[in-house]
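Start from the sequences and build out the full structure, keeping to the hints where you can.
Line order of the protein sequences matches chains A and B. Here the first sequence is numbered in my numbering, starting from 37 and rising by one per residue. Here the second sequence is numbered in my numbering, starting from 4 and rising by one per residue.
Don't read these hints as lab results, they were simulated from the structure. Ideal Cβ positions, reconstructed from N, Cα and C, are used throughout, including at glycine. Careful, some of the hints might be misleading.
Take a look, some chain A residues computed to stay more than 10 Å from chain B by CB distance [stated by the list, open to error]: (1) ASN60; (2) LYS98; (3) ARG100; (4) PHE101; (5) SER102; (6) LYS119.
Derived list of chain B stretches under chain A, where covered just means 3 residues or more per stretch with a C-beta under 8 Å from a C-beta of chain A [stated by the list, open to error]: (7) 42-54; (8) 94-105; (9) 108-117.
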Amino acid sequence: EAGVAQSPRYKIIEKRQSVAFWCNPISGHATLYWYQQILGQGPKLLIQFQNNGVVDDSQLPKDRFSAERLKGVDSTLKIQPAKLEDSAVYLCASSLVGENTEAFFGQGTRLTVV
Amino acid sequence: AQTVTQSQPEMSVQEAETVTLSCTYDTSESDYYLFWYKQPPSRQMILVIRQEAYKQQNATENRFSVNFQKAAKSFSLKISDSQLGDAAMYFCAYRSAWGNEKLTFGTGTRLTIIP
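Have a look at this one:
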């Protein structure tokens, strides 16, 4: 079974530039998550989708971050414009819908803003 | 809101020995799930073990076991017969049994295995 795919693996940009990350979840997984993991911290949920609808985006800085999940499959997370404090690993995860389910994670994208 | 605390930023253990990683959490809910995830340098989070709060029996998975103390809100991970491949960051995580399935993570413990 193919896992959660993310690209790119690494990205370096200058502050005020834009960047986009892509995630392809495990086939059949209706729920998709984007987490931000700042160095030395645990991952923090940015946004959660169920199919193509948003379940939770309470921690998403909406003035600069946006995410979409067209057709309820792939998802894109965008930052525009980036700030130095956005340097982090961005992890995508997916799961089936339901109480007793497991989230599967991708390998993440390491973003460095200089 | 739920919080998860891991008070050991780093731990080390001799190969083949046993090590225990600590985790405490705060919640007002009675039904929830607790997890331990392993994050190697590849950055991919890998589920090690999970515990349902309504189960009194501690979960075990081969060399990995937990000590779940619901009243104390404590959830420690014991790794027996430590192997070099166990070296990684370990994160404790909480998930409510109701509502959305988001995970709340602790700050992690870096485990080093000494050959």
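Going through the hints against the structure:
no.	hint	in the structure
1	ASN60	holds (15 Å)
2	LYS98	holds (17 Å)
3	ARG100	holds (21 Å)
4	PHE101	holds (16 Å)
5	SER102	holds (19 Å)
6	LYS119	holds (22 Å)
7	42-54	holds (count 7)
8	94-105	holds (count 6)
9	108-117	holds (count 4)
Checked against the numbered hints given earlier, this structure breaks none of them.
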